[in-house]
Amino acid sequence: MTTTSPKKSPNIGAIVIIVVAVVLNLVIAKLMATWSYSWFPPQASTAAPYVDDLFALETGIGSFIFFGCTGVMGWVLLFNRAGKYDESDGAPIEGNTKLEITWTVIPLLLVFTIAFYSMKVNDTLNTLGPKQKYSLGTDTRELITADPIAQVGPIQVIARQWSWEFIYPNGVRSSELHLPIDQRVNLQLQSEDVIHSFYVPAFRLKQDIVPGSLISYSLTPTRQGRFRLRDAMFSGAYMSVNQSNVIVESEEAYSDWLKRSAQKALQPGLDPGRTLYDRRIARGNKGWGTVPPAPPPLVNDPGDPSIPHDA
Amino acid sequence: MSTTNYDPRILKAPHPVPGAPDNWKRFFSFNTDAKVIGIQYIATSLFFLLVGGLLAMIVRGELITPPADLVDPSVYNGLYTMHGTVMLFLFLFPILNGFNNLLIPTMIGAPDMAFPKLNAAAFWLVPVFAVVLMGSFFAPGGPASSGWWSYPPMSIQNPLGHFINGQFLWILAVALSGISSIMGAVNFVTTIIRMRAPGMGFFKMPIFVWTAWAAQTIQLVGLPALTGGAVMLLFDLSFGTTFFRPEGGGDPVLFQHFFWFYSHPAVYVLVLPVFGIFSELFPVYARKPLFGYRFVAIASFGITFLSLIVWVHHMFYSGTPMWMRNLFMATTMLIAVPTGVKVFAWLGTLWKGNLRLNTPMLFCLGGLFNFIFAGITGVMLATVPIDVHVGNTYFVVAHFHYVIFNTIGFGVFAGIYHWFPKFTGRMYYEGLGKVHFALTFIGATLNWLPLHWAGLLGMPRRVASYDPEFAIWNVIASIGAFMLGVASIPFILNMVSSWARGPKAPPNPWRAIGLEWLLPSPPPAENFEDDIPTVISEPYGYGLGHPLVEDEEFYVRRSLEA
Chain U
3 MTTTSPKKSP NIGAIVIIVV AVVLNLVIAK LMATWSYSWF PPQASTAAPY VDDLFALETG
63 IGSFIFFGCT GVMGWVLLFN RAGKYDESDG APIEGNTKLE ITWTVIPLLL VFTIAFYSMK
123 VNDTLNTLGP KQKYSLGTDT RELITADPIA QVGPIQVIAR QWSWEFIYPN GVRSSELHLP
183 IDQRVNLQLQ SEDVIHSFYV PAFRLKQDIV PGSLISYSLT PTRQGRFRLR DAMFSGAYMS
243 VNQSNVIVES EEAYSDWLKR SAQKALQPGL DPGRTLYDRR IARGNKGWGT VPPAPPPLVN
303 DPGDPSIPHD A
Chain G
355 MSTTNYDPRI LKAPHPVPGA PDNWKRFFSF NTDAKVIGIQ YIATSLFFLL VGGLLAMIVR
415 GELITPPADL VDPSVYNGLY TMHGTVMLFL FLFPILNGFN NLLIPTMIGA PDMAFPKLNA
475 AAFWLVPVFA VVLMGSFFAP GGPASSGWWS YPPMSIQNPL GHFINGQFLW ILAVALSGIS
535 SIMGAVNFVT TIIRMRAPGM GFFKMPIFVW TAWAAQTIQL VGLPALTGGA VMLLFDLSFG
595 TTFFRPEGGG DPVLFQHFFW FYSHPAVYVL VLPVFGIFSE LFPVYARKPL FGYRFVAIAS
655 FGITFLSLIV WVHHMFYSGT PMWMRNLFMA TTMLIAVPTG VKVFAWLGTL WKGNLRLNTP
715 MLFCLGGLFN FIFAGITGVM LATVPIDVHV GNTYFVVAHF HYVIFNTIGF GVFAGIYHWF
775 PKFTGRMYYE GLGKVHFALT FIGATLNWLP LHWAGLLGMP RRVASYDPEF AIWNVIASIG
835 AFMLGVASIP FILNMVSSWA RGPKAPPNPW RAIGLEWLLP SPPPAENFED DIPTVISEPY
895 GYGLGHPLVE DEEFYVRRSL EA
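Respectively, the protein sequence lines represent chains U and G.
For the first sequence, our numbering begins at 3 and goes up steadily by one.
For the second sequence, our numbering begins at 355 and goes up steadily by one.
Hints are computed from structural coordinates only; laboratory data are not their basis.
Just so you know, even glycine gets a beta-carbon here, dropped at the ideal spot from N, CA and C.
Don't take every hint at face value.
Stated by the list, open to error - Distance windows between CB atoms, simulated:
| id | chain 1 | residue 1 | chain 2 | residue 2 | range |
| --- | --- | --- | --- | --- | --- |
| 1 | G | PRO675 | U | LEU28 | 34 to 42 Å |
| 2 | U | LEU28 | G | LYS471 | 55 to 63 Å |
| 3 | U | LEU110 | G | ILE518 | 50 to 58 Å |
| 4 | U | SER308 | G | THR596 | 37 to 45 Å |
| 5 | G | GLY594 | U | THR36 | 50 to 58 Å |
| 6 | G | THR595 | U | ASN287 | 28 to 36 Å |
| 7 | G | THR595 | U | LEU79 | 52 to 60 Å |
| 8 | U | VAL21 | G | ASP884 | 58 to 66 Å |
| 9 | G | LYS858 | U | ASN287 | 44 to 52 Å |
Stated by the list, open to error - Calculated cross-link-like contacts (lysine-lysine; reagent style PhoX-like; alpha-carbon spacing at most 25 Å):
| id | chain 1 | residue 1 | chain 2 | residue 2 |
| --- | --- | --- | --- | --- |
| 10 | G | LYS788 | U | LYS100 |
| 11 | U | LYS86 | G | LYS788 |
| 12 | U | LYS100 | G | LYS558 |
With these hints in hand, go ahead and build the complete structure from the sequences.
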């Protein structure tokens, strides 16, 4: 290693290696971005494609950075290891101001680009499904028109420890959420006890439901099927089973279901925490402290949790 | 063993140093020597690493199958809450304060901390709140089980109605931990500002000292907010106030602001010193100066500043208005810039180096590899639309474990191995160290890499049971977790046997440049005593051929004679 020529001559070998590495890295980044679409549940709302596109973009940029940096690490591990008895020092490079400014400015521009692009996506998503938080006691007339262009709703969504209840404009109550496909629906989310979170992975949407407030939340489902609704905010002992389903169906099937349900008598709805709690009581109430589950809501259609969900 | 092996100054010191004979009792006393306190911190926190790890393995045991079948869900919730609390407040914060105690005075040439008694008091609060926290397992209704966030109203439900309950003791322990941390922070910051060796201007300080200073500044600014929030939560829980109870006009989301105003920067309190460890170790084992020393130093305070204005990114779907989400998304992403400066500087340091792959270097390289990955998923999480999908899922769990264990944990292990000879006077066993690294790296990767996919598919965090489609990721994760448990065996063996009968360490086994390496191993009680060296160069002058301090041969000779 005695390359101490003061004159800078372009090192063709190094340039070729760098160009090949960058091209290879770009190809890998593109492949990762394409692959990333398969890591999600199916896209079932108008919001989902935007989220997945943004994620793919960041996966691509992130992969390029990750493989670039770790590629450098791999290179030095292969070619710059000291021999067993080699106690010599490496090249005494203390820094390079131009390089340091470059790797400050480029990431700065990059994150600003990502941030501004994401803000645009935020705006788009907000147009597709606005969200508004009202404190309880707000004039109910204002609430009914919280989303004036919604085609369905408002549907009341009530979260409890640990059950879900949905009340439709015609007064029907259910334990699973039925929605017509391709129609904008306005939900009014409320919690009766602690913070819950309305999370439908297939919709890529999540909203915390804060007690003491009412959240108007609009969305448009775009795919028929049964999709899991999960409580994504820790809400106590039986939070993990506080799940339900969102059933997206054709407009005819939806209105048919509403009509049929309206004729059914009220009965106890899904109450997933109850089975576990009863089992605990039967075993002598062993375990650590928990509040008992709230009484099950009385609904027209309790749904059938044994039908497998699509995502 | 004859006492003549030791520096005579060690034997006449009022507070003997680690490694000297027959004075192990000082580790159990109110000792004011920062090096004793440092080892007290590290030993205590490694014990709690085992406790937290054991809790984690029960959690992963429960999660290896979809249904909740190992423990009752209420017990599961208590276990994961205590796992997080123990790991943060009894492992990570104390162990990094251990490093601060060992390294800050020796690296800046100070005889001790600015306030030695305050320092000892700060340490002895750790066992006190440890007893409170561990005692909560025996409280009626079990320990706190609302997660380490303790979001109200869930956390203040107090199902059994006892005044003394797990949540009460938890808040008490966290408040005591905060007091201990503030006492430590006052001490560290004062010591760094006031007690540096002659000639050591701010831009001659080692990066570890820079990062410790930047981190402790966060403690001073942020902790009062958390403590205030915790006091209000305690009042809501125990005395019927309604700061956070909606039925009394309170706002549950307000607590989230208090909590994250400190608890997000807290991550940087932990990660900054680890950046310091990386910046110390890469130059030593690559035999090169740190690339862009000044940039790396200043970036630390860039991170400090930005860390204080990002907290709302934990609340993107709590009903925060759009302008707030956009603003905090931008500030959060900005943190990638100073952090990137550091990462690129480390890569620049490695480039054309002469790498020596011993255990500390392996842990540093592994930690850097994991951190680059964690940084990328971090930017993804900062992106509002993506966070709305993956927030509160296993994607977050995977991301923050990549930061907190796969980066910070790795850095801590690297630091332990690197400075073990200096402060115990013994060499560790390289073979066992490498086994420890291999098991840790494979175990950690198996544990947390797959969980990213579970999160992307929509598996919420903090669940005791889950839908069967997530099973495969969780089985792999649990296998990785158990492997991490196994990895602790070679580590414990190595530490115990090396300290007891490892080969005697020379003053500077790694041929490192730094004031601490001009001291004997282990250093005497007052470090340089009256002969404090005058610093004349920037740190990390590997291969540059100029001395770090005036009359360097004198200090080298003296350390060898000891």
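Taking the hints in turn, this is what the structure says about them:
Under the hint 34 to 42 Å, the C-beta atoms of PRO675 (chain G) and LEU28 (chain U), about 39 Å apart, fit the expected range. At roughly 59 Å, the beta-carbon separation of LEU28 (chain U) and LYS471 (chain G) lies within the given 55 to 63 Å, and the hint holds. A C-beta distance of roughly 52 Å is found between LEU110 (chain U) and ILE518 (chain G), which places it inside the suggested range of 50 to 58 Å. At roughly 42 Å, the beta carbons of SER308 (chain U) and THR596 (chain G) sit within the given window of 37 to 45 Å.
Between GLY594 (chain G) and THR36 (chain U) the C-beta distance comes to about 57 Å, which sits within the given range of 50 to 58 Å. The given range of 28 to 36 Å is respected by THR595 (chain G) and ASN287 (chain U), whose C-beta atoms sit roughly 30 Å from each other. A beta carbon spacing of about 58 Å between THR595 (chain G) and LEU79 (chain U) agrees with the range 52 to 60 Å that was offered as a hint. One distance hint, 58 to 66 Å for the beta-carbon pair VAL21 (chain U) and ASP884 (chain G), holds here, with the actual separation near 60 Å.
At about 59 Å, the CB distance of LYS858 (chain G) to ASN287 (chain U) disagrees with the hint of 44 to 52 Å. Between LYS788 (chain G) and LYS100 (chain U) the alpha-carbon distance is near 38 Å, which puts this suggested pair outside the 25 Å criterion. A C-alpha spacing of about 16 Å is found between LYS86 (chain U) and LYS788 (chain G), which places the hinted pair at or below 25 Å, so the restraint holds. Restraint check: the Cα-Cα separation between LYS100 (chain U) and LYS558 (chain G) comes to about 22 Å, which is no more than 25 Å; the hinted pair holds.
Of the numbered hints given earlier, the model fails hints 9 and 10; all others are met.
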